[in-house]
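Protein chains: 2
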Amino acid sequence: MSSLRLATSSANRATCRVLKSSVRPTFLSASTLLSTFQTLSSIKPTSASAPISRSVRSYSTANDVKLTSESYPNLERNKDFAKLSDADIEAFKQILGGNASGVITNSDDLLFFNEDWMRKYKGQSQLCLKPKTTEQVSQILKYCNDHKLAVVPQGGNTGLVGGSIPVFDEIVLSLSNMNSVRSFDNVSGILKVDAGVVLETADMYLAEQGFIFPLDLGAKGSCHVGGNVATNAGGLRLLRFGSLHGSVLGLEVVLPDGTIVNSMDALRKDNTGYDLKQLFIGSEGTLGIITGVSILCPARPKAVNIAFLGVESYEAVQETFKKAKNELSEILSAFEFMDRSSQVLAAHMIKQSHPLAQDEEPDSTGVSQPPEYPFYVLIETSGSNKDHDDAKLESFLENVMEDGTVSDGTVSQDESQLRTLWRWREGIAEASNQFGGVYKYDVSLPLPVLYELVEAVKVRLAEHDLISFDDASKPVVDAVGYGHVGDGNLHLNVSVRGYNKDVEKVLEPFVYEWIQEHKGSISAEHGLGFQKKNYVGYTKSDVEIKLIKDLKKHYDPNGIMNPYKYI
Amino acid sequence: MSSLRLATSSANRATCRVLKSSVRPTFLSASTLLSTFQTLSSIKPTSASAPISRSVRSYSTANDVKLTSESYPNLERNKDFAKLSDADIEAFKQILGGNASGVITNSDDLLFFNEDWMRKYKGQSQLCLKPKTTEQVSQILKYCNDHKLAVVPQGGNTGLVGGSIPVFDEIVLSLSNMNSVRSFDNVSGILKVDAGVVLETADMYLAEQGFIFPLDLGAKGSCHVGGNVATNAGGLRLLRFGSLHGSVLGLEVVLPDGTIVNSMDALRKDNTGYDLKQLFIGSEGTLGIITGVSILCPARPKAVNIAFLGVESYEAVQETFKKAKNELSEILSAFEFMDRSSQVLAAHMIKQSHPLAQDEEPDSTGVSQPPEYPFYVLIETSGSNKDHDDAKLESFLENVMEDGTVSDGTVSQDESQLRTLWRWREGIAEASNQFGGVYKYDVSLPLPVLYELVEAVKVRLAEHDLISFDDASKPVVDAVGYGHVGDGNLHLNVSVRGYNKDVEKVLEPFVYEWIQEHKGSISAEHGLGFQKKNYVGYTKSDVEIKLIKDLKKHYDPNGIMNPYKYI
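Top to bottom, those sequences are chains A and B. Residues in the first sequence are numbered consecutively from 1, following UniProt numbering. Residues in the second sequence are numbered consecutively from 1, following UniProt numbering.
Derived from the structure by calculation, the hints contain no laboratory data. In this text the structure is predicted, and so the values were computed from the model without any measurement. One thing to keep in mind: the hints can contain errors.
Pairs count within a copy or across copies, as identical chains cannot be separated in the list.
[Unchecked claim] In silico lysine to aspartate or glutamate, DMTMM-like type, Cα no more than 25 Å apart, as pairs:
#1 Lys519 to Glu430
#2 Lys386 to Glu327
#3 Lys66 to Asp265
#4 Lys192 to Glu517
#5 Lys142 to Asp64
#6 Lys83 to Asp556
#7 Lys142 to Asp550
#8 Lys79 to Glu463
#9 Lys519 to Glu135
#10 Lys325 to Asp387
#11 Lys552 to Asp185
#12 Lys501 to Glu430
#13 Lys519 to Asp169
#14 Lys552 to Asp257
#15 Lys549 to Asp257
#16 Lys440 to Glu513
#17 Lys132 to Glu319
#18 Lys552 to Asp542
#19 Lys533 to Glu135
#20 Lys549 to Asp80
#21 Lys546 to Asp556
#22 Lys546 to Asp257
#23 Lys553 to Asp257
#24 Lys66 to Glu463
#25 Lys302 to Asp185
#26 Lys322 to Asp387
#27 Lys323 to Asp185
#28 Lys505 to Glu319
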């Protein structure tokens, strides 16, 4: 049995707490909780992490990065590719016409396109092209294909696996100059945009019309819609709006030989022939370049609530998920879990009281520890009627607290509180990187074993004496797990004090073998890129790999599109 | 202004009527309407139309059907294909081992597999094979590919475009003996089934676990899940649960050379390589044979409501749709429209009072006419909380009646009434066929022009003096329009007294040209099959057609899979 009370110890938040006791619970209604949640004025809501703006990049680490070719000395440049000549550059200038800023050859300016924001990969491209039209993209690719010049398509460059960075001297083709909304139909909800439109820009445009982009992720301030489609981005609200394979209606794609394939006029239903566009969703620029996207956008939810909960075990996380699916059903739009270690890392970066903290005093560095719950859950509901949503959430919270599934919780009431609570989930990526680096694994696993991977990795790092939060002589700070329970998607972040071969050898192939043994995927949403090219065999069978390679050859016989990557 | 009152003239239903008047409306709450809806005891709820059971077929018409090769004398058998020999049959018997009933060569028994239920197409196959395992399918296809024997995969044979019927002497490979549910996970909602499981069987299995199959269609009692995926079936609830491209997680497919491609263990997210399964969704058996399906199933809605409305114009249909999307949002699960002509046809078949009828007396044949509204709308809501859903529907109905968008309406209260109301929408397909035949067009069009196609066809048929409901000397009874407004999907049925070349010449290519001019799709959900093979150019560009043909050649170089069809 448990008792539920409103914590009054902290004036700037409402929390619904369950304390173990033998007293019959007295319930505070969640609507009371919703209405008594105070503004978390001391915590500034921050926008989603945005690694890159259009022209200025914030790097995740100050360390300089080695050339990828030096980090991987066994990797050889493909000798079939031509070397860029002055004549080539002249030809590209002709194609881009008067667009002088569209041909970048200055090495300082090129640095921006040669490095990823995590500072893990660094290419040696001598040329970045920024076309403004699909026709120009077509002419560029045709020229490159005819002359065997390798090409790396680049969107917002927010990827996590080095997919958009040259490995050697590939030409970078940036979509950043193709950034117009083409059209929007407010009856059908069909949005058509250039590939280079920034996700947040698209979503803000839709918000004005009462609609929402069916995808949201931390890098929304920088990532491009075209890049989202090319990498089949999953993100935070896949649970509610489904995958891009369902919501993308049409694409405009340029094939390596310059052919423009256009299905932008496709309506919601069209059963005439193979659904070609599907091949390009998640192909990471290896089959062609996406230049336009048509996507079905749902009505923007009128009410959004967040509950941030503390639970005592991973089993309780799963039980909470089952109950949330059942009771919140059509309004459940996110179900995220975080282990305590991830919240400790976040606390070191955010330097504010944890949403479920009571009276913890900050230490000398301004950090206050989160409470001792081993797991936290963030639940988001999105619906069309605030009263109904509040009632459903209230009833759900009463049930899971009464039966002891959930031990503590707090709920948001306004946009600012909502962003603050999300910050403790979205900020983990950045927080994992604050000590010098991070090894990130983004995996799918069957739900019952999802968290076991994190425990197995911690044990292994300890066995090799590589991990300590406090001892700065150990390379690993901590290994933390969090992610989208609703999608069976775990993010395992190994936070390190610097990139380290000993750590890498202990982690890999161990992590991949563990995933294979448990029938998971080594990349749930980050893709393969450069980082995971050699590990695809842990998820895909030989038959599937052969079919994928055959398709690559079918569409890109010269292999010029994003070489050294994917598969 | 309008007034709203409860019609008391008919004791066996509740209707909310809006009469033009200058009086300020008095509103009856929809919850009152919901609670006062009487049992429509005189109308027997009928199950969805099920053209075929496992071993007995009901034909849509008693007329005998000509051989397809006779109906299309210009079509020639591909001479590259081998003719079936006794040695081949012996080899297949070996492959199927002790399964004697799996090799059908008797011409009477073969008739079942050579004809479609609409009696439009008839093949001359001398052999039907019914394997029980994926391994047997693999061996059969490898043998056929090695010996250049053409193959038609056949599921429930409920298609509308002749896709599952042999054209000449192709071997029929029926999936009907592969009909087991493989597994279901009640946390993730992932269902794995053999391709030959009947859709309704899968849905009933899920219902017991509190889940729902994310697809529903009229032929659910006969169609196979594998066939649904192979034809990318859309159906009645795509609006709520999205397309199969989003919900299918994995497939088991046998390629023409016998290779088994298996992605059945895929989780909800997997970004490792091209999403190969997507190619097979909607490929209509031209690339390989689907033997297993893994699909994500949502929680079964706990509350379902239906409103059946009468409106004065097609513009009012669109306005009702916009308002329903906005107000019913996450619980809107179907938005169907029907023109009055479709309801007249349905009345001739159902022979009961129309849901919105007042005191119409049936004529001597037992038919009573529907009221004079030019359009009807069926709205379905599905949610997790009956009270919330009722309140949302009530508020919506009040709004659309107060502002005059909707003129009349009735709402269901229980499962039996719900099925009865659906019958007036689902029964149109069967009703269109009751006079001797039907030409069916299933098209996508931009919403504003969706219904104009029906009007254009009626005008054209009248100009050629081919249409009359009462004059039995005219070949066409009527042309009716209905469909899934939510998906921009129109069904145009031209109900005829018999198939007739004059009618065909007037309809085609007129209908296809009209669709092309208005940037629609000539097949929203029925697929291409045999019927629309030659019309794909009205929807797809030359570039797309070339890419599709290239892919077909890539996977099926001998062209043995479902020849003479698709593209």
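Which of the listed hints are not met by the structure? Per hint list: 1, 3, 5, 8, 11, 13, 17, 19, 24 and 28 violated.
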